[in-house]
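Asks: The lines below spell out each chain.
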Amino acid sequence: MKNNILIIGGGPAGLEASAQLQRMGYNVILIERSPKLGGHLAKWDRLFPDRVPADEVLRSLLDATEGVKCFTDTDIRAINRLDKSYNVRLTNGITVLSDAVLVASGFDLFNAVRKEEYGYGIYNQVMTNADLEAYFRTGEDRRIENPRKVGFVHCVGSRDEKAGCRSCSKVCCATAVKQAIEMKQAFPEAEVFCFYMDLRLFGRHYEDLYLEAQKEYGVRFIRGRVAEVSENFDGTLLVKAEDTVASKPLKVTLDLLVLMAGMRPSASGKALGELLGMNVEDDGYFAVRSGIAAGQRSQQPGIFLAGAATGPKTLPETLADARAAAMEVDRYLTEVFPDARNYKQLVKERW
Amino acid sequence: MTPLSYLLAAQAEVPEVIDRIPSGFSYFVIPFTVGVAFMFCWLGVGLIRLLADIPKEDRIKFGKSLFIPKVALKNIKELFCDCLFHVKIWQRKPLLGYMHSAIAFGWFMIIILGHIEVALFVPARLNVTRGGLFYPIFYRYFVWMNPGHTTLRGSFFFFLMDFFLLYILSGIALAIFKRFRSIVLGMRHTTKPSFADRVALYSLWMIFPLRLLAESFTADLSGGSFLTIPVNQFWHFLFGDKLWFMPCWWAYSICLGLFFAAMPFSRYMHILTEVLWILLRNAGVKPNHPRKGVAEAEIYACSSCGLCLDACPMNVQKKNLKYSSVYFIRFLRRHNEKKINAIADKCLMCDKCHALCPVGVDAPALRRAQRATVNNTMPYNYAYLDASGSVQPSEPGRVHSRFAAAENGLSPESAPADSTQPCHANPGVLYFAGCMTHLTPRIIKSVEKVFKAAGVEYAFADREGGICCGRPLMLAGRTDAAAKVIEANKQMIEASGCKTLVLSCPICYKIFKEEYHLEGINVVHYTQFINELIAAGRLDVKKTDEKIVYHDPCELGRGCGVYLEPRAALSQVGTLVKASKEYDESICCGGSLGSLTLDTHDRAKISQASLQALLSGNPETIVTACPLCLKTFSEAVSRGENLEQHVKVKDFAEAICP
Numbered sequence: 001m002k003n004n005i006l007i008i009g010g011g012p013a014g015l016e017a018s019a020q021l022q023r024m025g026y027n028v029i030l031i032e033r034s035p036k037l038g039g040h041l042a043k044w045d046r047l048f049p050d051r052v053p054a055d056e057v058l059r060s061l062l063d064a065t066e067g068v069k070c071f072t073d074t075d076i077r078a079i080n081r082l083d084k085s086y087n088v089r090l091t092n093g094i095t096v097l098s099d100a101v102l103v104a105s106g107f108d109l110f111n112a113v114r115k116e117e118y119g120y121g122i123y124n125q126v127m128t129n130a131d132l133e134a135y136f137r138t139g140e141d142r143r144i145e146n147p148r149k150v151g152f153v154h155c156v157g158s159r160d161e162k163a164g165c166r167s168c169s170k171v172c173c174a175t176a177v178k179q180a181i182e183m184k185q186a187f188p189e190a191e192v193f194c195f196y197m198d199l200r201l202f203g204r205h206y207e208d209l210y211l212e213a214q215k216e217y218g219v220r221f222i223r224g225r226v227a228e229v230s231e232n233f234d235g236t237l238l239v240k241a242e243d244t245v246a247s248k249p250l251k252v253t254l255d256l257l258v259l260m261a262g263m264r265p266s267a268s269g270k271a272l273g274e275l276l277g278m279n280v281e282d283d284g285y286f287a288v289r290s291g292i293a294a295g296q297r298s299q300q301p302g303i304f305l306a307g308a309a310t311g312p313k314t315l316p317e318t319l320a321d322a323r324a325a326a327m328e329v330d331r332y333l334t335e336v337f338p339d340a341r342n343y344k345q346l347v348k349e350r351w
Numbered sequence: 001m002t003p004l005s006y007l008l009a010a011q012a013e014v015p016e017v018i019d020r021i022p023s024g025f026s027y028f029v030i031p032f033t034v035g036v037a038f039m040f041c042w043l044g045v046g047l048i049r050l051l052a053d054i055p056k057e058d059r060i061k062f063g064k065s066l067f068i069p070k071v072a073l074k075n076i077k078e079l080f081c082d083c084l085f086h087v088k089i090w091q092r093k094p095l096l097g098y099m100h101s102a103i104a105f106g107w108f109m110i111i112i113l114g115h116i117e118v119a120l121f122v123p124a125r126l127n128v129t130r131g132g133l134f135y136p137i138f139y140r141y142f143v144w145m146n147p148g149h150t151t152l153r154g155s156f157f158f159f160l161m162d163f164f165l166l167y168i169l170s171g172i173a174l175a176i177f178k179r180f181r182s183i184v185l186g187m188r189h190t191t192k193p194s195f196a197d198r199v200a201l202y203s204l205w206m207i208f209p210l211r212l213l214a215e216s217f218t219a220d221l222s223g224g225s226f227l228t229i230p231v232n233q234f235w236h237f238l239f240g241d242k243l244w245f246m247p248c249w250w251a252y253s254i255c256l257g258l259f260f261a262a263m264p265f266s267r268y269m270h271i272l273t274e275v276l277w278i279l280l281r282n283a284g285v286k287p288n289h290p291r292k293g294v295a296e297a298e299i300y301a302c303s304s305c306g307l308c309l310d311a312c313p314m315n316v317q318k319k320n321l322k323y324s325s326v327y328f329i330r331f332l333r334r335h336n337e338k339k340i341n342a343i344a345d346k347c348l349m350c351d352k353c354h355a356l357c358p359v360g361v362d363a364p365a366l367r368r369a370q371r372a373t374v375n376n377t378m379p380y381n382y383a384y385l386d387a388s389g390s391v392q393p394s395e396p397g398r399v400h401s402r403f404a405a406a407e408n409g410l411s412p413e414s415a416p417a418d419s420t421q422p423c424h425a426n427p428g429v430l431y432f433a434g435c436m437t438h439l440t441p442r443i444i445k446s447v448e449k450v451f452k453a454a455g456v457e458y459a460f461a462d463r464e465g466g467i468c469c470g471r472p473l474m475l476a477g478r479t480d481a482a483a484k485v486i487e488a489n490k491q492m493i494e495a496s497g498c499k500t501l502v503l504s505c506p507i508c509y510k511i512f513k514e515e516y517h518l519e520g521i522n523v524v525h526y527t528q529f530i531n532e533l534i535a536a537g538r539l540d541v542k543k544t545d546e547k548i549v550y551h552d553p554c555e556l557g558r559g560c561g562v563y564l565e566p567r568a569a570l571s572q573v574g575t576l577v578k579a580s581k582e583y584d585e586s587i588c589c590g591g592s593l594g595s596l597t598l599d600t601h602d603r604a605k606i607s608q609a610s611l612q613a614l615l616s617g618n619p620e621t622i623v624t625a626c627p628l629c630l631k632t633f634s635e636a637v638s639r640g641e642n643l644e645q646h647v648k649v650k651d652f653a654e655a656i657c658p
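These protein sequences, in sequence, are chains A and B.
Heads up: the first sequence at position 259 corresponds to 259 in our numbering, and the numbers run straight through without jumps.
Heads up: the second sequence at position 556 corresponds to 556 in our numbering, and the numbers run straight through without jumps.
Calculated from the structure, these hints are not laboratory results.
Check the hints yourself; a few may be wrong.
As a list, the in silico DSSO-like pairs of lysine-lysine whose alpha-carbon atoms are at most 30 Å apart [said to hold, decoys possible]:
hint	chain 1	residue 1	chain 2	residue 2
1	A	K162	B	K605
2	B	K93	B	K605
3	B	K93	B	K578
4	A	K149	A	K240
5	B	K318	A	K270
6	A	K170	B	K605
7	B	K605	B	K339
8	A	K43	A	K149
9	B	K648	A	K240
10	B	K61	B	K490
11	A	K162	B	K445
12	A	K149	B	K445
13	B	K70	B	K286
14	B	K292	B	K74
15	A	K149	B	K449
16	B	K338	A	K162
Quantities reported herein were computed from a predicted structural model and do not represent experimental measurements.
All chains should be built: construct the whole structure from the sequences, respecting the hints.
Replies: Below, the structure is given as structure tokens:
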């Protein structure tokens, strides 16, 4: 018997989970609200720590999804729980009777306009990490014209209570170091500064990346948050910060400032969560059954979670999470779901 | 009526009133006399202690002020308006105002009229040694009216006494009703009474019904009017000819005694201390300690009415009621250090409790003083003030940057060459943006745009960064630290030789206006400055049909009294709509840097409440004139929780020059 499984979100988590479940022999339906699969990965140029091209990773993910029914430009219109399954009406008119639902709604990048003191959207020479990746992909950005001094601001919309973003986004430190190196590669004459409050470089090879940035590329790391940014008459930026190692205020004129926008719970994911009646925690990400033992199960039987829908994750973590979710779905569909008579009891014991 | 004429037949000239008890004393007056004597002793000792605690020059200032005609007139006006008529409450909540003035003014009149009656009819009894303390209070007990000889004058007083008693009783009835349904009188929250409050409160409720009972029992002997006489006849109808009036007079006296004995420990002490506070306040004496000296008069002047509970923006959440000014003052009275500090630090310093306080208690100032007791002694390094060169004489006409050359390996030439701004040769306008404006660069952009459009020649004092104005330090109770930055900034501004100083941050504006004492320099907020530019025809604005609501920033509105200029200017560019709370009732945006401990979650709740009030008139745009409000509202709107309509948030200058 082939169970229907609906996977919501066509980013890395959704793609990986659908590939795994397809392999297991399930009938997988993947929906993606944007016109293109790949999520944020499709917009990135290269990936930390080894700077492999994002396109390669995405290609291998997509190749593995052979046989998965994909609907792009598709969202959920309505969903209702039947006895055990979910009846899902899609915006393209199709109705799916799904035995399990996997939510891989991912994240949104923090809207850097909200940190007005950094001047994104106000000063010409301020961009975000995503803008810079787009530049690396296309080689085009009016802001980048042989910059001599470039600054990276870590933790924009992360670990910032005032902006309502308490959590660490996990990926920005490594991304900033990677992008700093790439800037030096592109513009060897440029001076590059990273303003950080802590460097959370925890993964394998991340430390190597950090040392490489310092030793081989001469990237300057300054511990201290940027206080404010103002624009000089010539369009360059005057950045004021505190160097908390030297305990002194400092200011520096830069040609380009890159804001490392952090991860925020996805807005469309939130709307979806409301449709499904799923709980979110204070940080805005979906609540899981148990953070340690059941991190891929939602609080509702039959609904699973994978990837950044349950908090910021690096790409390897997301893929591992997606595989784990696939295993969980399989276990549910083989052990709990088929036993119609004891279903309720089993859900009580094993969900 | 009991025929009494035979007793008096022998007298030649028949008096209207007969002092029926020659000793002028009865045991029932003891509870009252003890209570009131205790209260006056307590008050006397407190007054002496208070005067001893205030500095000598303040004492002299206070003494002199009583004889300055202008101050004396103000004193008299405020004593009547605030203590007796409660005009401030009337203006906002008429029913509540009626209740308070009925009890205060009514009681005051009864006491005064009682004394006048004694003075007119048995003047000897005013002497303290002959019962002057209690005789006028229990006048009706001690006298007989000569029924055949009641004059118009006597009847007039009978009428007045009954009238004011009825007036008070109506107030008491409202007060009792308010205990159960305060919202009808316009109060969402009321203060939780302490034990002494309860004793005093229940005695107060009882005093006037008992007075009516006592006086009506004796009305056929000592006279009465439209209220007491019919009630007296009713008692006769019920109990027959003989009325046992002693228990009523005892109960009346006991209640009075209880009330006065509990008074010093209860909220009702304000009845007398308020007088002292008004005199001190008008003398211009300010508290410099949260508990001692003038502050003592101030905290005892608090009537614990609880109007500050509804005023406090933190109280959108019930759990924060305990941080209201009324409880702050209660714990100050009780010397509860731990709670005082926690409450003092929580406050947003929006000053709304002060603005709405019927007694004019400046609780935010007391909180600041309390913070100073803890924070002012904290060590801090001011080396950067010297390093910045601000204390060295600066070249006239040039404003020096205050930032040290970038260190930590950043090359000094990384700072742009033009780190000093040339001031206009004919010293004109100096614009000081301040830290908060620098965090909201769109304000700077808009202000400069306005200046350019109006052709204002100006110098930018802190384009390259400046020193804090000192107000945040002041709010945190760090007065000494504030004094240092004020001094440094003052030198910089005076050296610039400007004539007008324009500030775009109300936080800066308040302290520049109040603490800097810049001689010959006109300190204006940019709302005022821009409004003048428009009025003078220097700035062309285009009227649109955009619906604008203006948010009064705390420091600008309540803090500096600037309400009209921003509205006048905005009405030139759009249609102003009303907010449900505005002017001095405007709700803090929640972003205030006054609070030292309020967390972001609670702040977000306040922002939502403030937004709701602003959106009541369905505006398209919220305009504010404070960088902090702008930041907070932009954030709250972008989060968009509980918002039905989409609304833009703009700075004042942005709205004027889009």
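Asks: Mind checking the alpha carbons of K318/B and K270/A for me, to see if they're no more than 30 Å apart?
Replies: 29 Å, holds
Asks: Given the hinted pair K70/B and K286/B, is their alpha-carbon gap at most 30 Å?
Replies: 19 Å, holds
Asks: Is it true that the CA of K605/B sits at most 30 Å from the CA of K339/B?
Replies: 23 Å, holds
Asks: Are the Cα atoms of K292/B and K74/B separated by 30 Å or less?
Replies: 25 Å, holds
Asks: Would you check the hint for K149/A and K445/B, treating anything up to 30 Å between C-alpha atoms as holding?
Replies: 24 Å, holds
Asks: K149/A and K449/B: Cα distance at most 30 Å?
Replies: 28 Å, holds
Asks: Assess, step by step, whether the Cα of K93/B is no farther than 30 Å from the Cα of K605/B, and give holds or violated.
Replies: Between K93/B and K605/B the Cα gap is close to 26 Å, so the pair holds against 30 Å.
Asks: Can you confirm whether the C-alpha distance between K648/B and K240/A stays at or below 30 Å?
Replies: Holds - the C-alpha atoms of K240/A and K648/B are around 29 Å apart, at most 30 Å.
Asks: Is the Cα-Cα distance between K93/B and K578/B 30 Å or less?
Replies: Status holds; Cα separation ~20 Å.
Asks: Compare the distance between the alpha carbons of K43/A and K149/A with 30 Å, and conclude whether the hinted pair is satisfied.
Replies: Satisfied, since the Cα-Cα distance of roughly 25 Å is no more than 30 Å.
Asks: Take the C-alpha atoms of K170/A and K605/B, compute the straight-line distance between them, and say whether it is at most 30 Å.
Replies: 29 Å, holds
Asks: Keeping to a limit of 30 Å between CA atoms, is the pair of K61/B and K490/B held or broken?
Replies: Given pair K61/B, K490/B holds - Cα atoms ~29 Å apart, limit 30 Å.
Taken one by one, the earlier hints all hold for this structure without exception.
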